[in-house]
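Numbers in my numbering are just positions in the sequence shown, counted from 1, shifted up by 23.
Certain hints may be false.
Below are the SDA-like pairs computed for lysine to any residue, each with C-alpha atoms no more than 25 Å apart in a straight line [what the hints assert, rightly or not]:
hint : residue 1 : residue 2
1    : 207       : 98
2    : 68        : 98
3    : 68        : 45
4    : 207       : 45
5    : 179       : 111
6    : 68        : 81
7    : 68        : 180
Source of the hints: derived by calculation from the structure; they are not laboratory data.
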Amino acid sequence: MSTLELIAFVLGVINVTLVVRRSVWNYPFGLVMVVLYGRLFFDAKLYSDALLQVFFFVVQLYGWWAWSRVSANAGTVLIDRLGTRARLGWAAGCAAAIIVWSSLVSHYTDASLPWWDASAAILSVAAQIMMSRRLIENWVLWIAVDILSIGLYAAKGLWLTMLLYAVFLGLAIWGLIGWQHDAKQQAAA
Numbered sequence: 024m025s026t027l028e029l030i031a032f033v034l035g036v037i038n039v040t041l042v043v044r045r046s047v048w049n050y051p052f053g054l055v056m057v058v059l060y061g062r063l064f065f066d067a068k069l070y071s072d073a074l075l076q077v078f079f080f081v082v083q084l085y086g087w088w089a090w091s092r093v094s095a096n097a098g099t100v101l102i103d104r105l106g107t108r109a110r111l112g113w114a115a116g117c118a119a120a121i122i123v124w125s126s127l128v129s130h131y132t133d134a135s136l137p138w139w140d141a142s143a144a145i146l147s148v149a150a151q152i153m154m155s156r157r158l159i160e161n162w163v164l165w166i167a168v169d170i171l172s173i174g175l176y177a178a179k180g181l182w183l184t185m186l187l188y189a190v191f192l193g194l195a196i197w198g199l200i201g202w203q204h205d206a207k208q209q210a211a212a
C-alpha cells in the first residue's frame, strides 16, 4: 500500500458516497481520485484501468456540468431509466466492446490479466456514462464492476484498492436501493 493508493482510496469513498446521495459535489473528489488512480494503475501495468481514468476524468467534467444544470433547473438531481430496447442495446454494445478491447489489449500490450481488466474497464465506461445521465441502471453495472474489480485487484496485490471496491460494492447496492426509492417518489410527485 502506498500513500498514493491511500489518498485515492479516501477520495473514492467520499466520491461514491456523494453520488449515492445525488450530490453534485461528488465531482471534485472524483476528478482528483481518477488522476491518482491513473498513475497507480499505469505503474501496476493495468493499462485498461489506467486509460479508463483518462475517460473518467472527461466524463466527470461532463457529469458535473450535466448534474449542475439539472439541479439548477429542478432543484434536485432527477433520476431517469432506460427502456427495454435501450437496455438490450447497452448490453450488446458492452459485450462487443469487451471482446474487441480485450483482444487488442492482450495482443498488443504486456498487460496483466487483459481480459479481466478490459471487462471491468468497459463496464465502467458504460456505468459512468449512465451515471452522468442519471440513469438508475448505472448501479447494476457498478455492482458488476465492483465484483470483477475485487478479484482483479486482489490478484494484483492492490489490497487497499481491493478494499475500496468492496466498499464501492456496498455503496452501489445502497445507491441502487436508494435511487429506486427516490425514482418512485419522483414518479409520484
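Hints not upheld, ascending by number:
Checked against the structure, the hints that fail are numbers 2, 3, 5, while the rest are satisfied.
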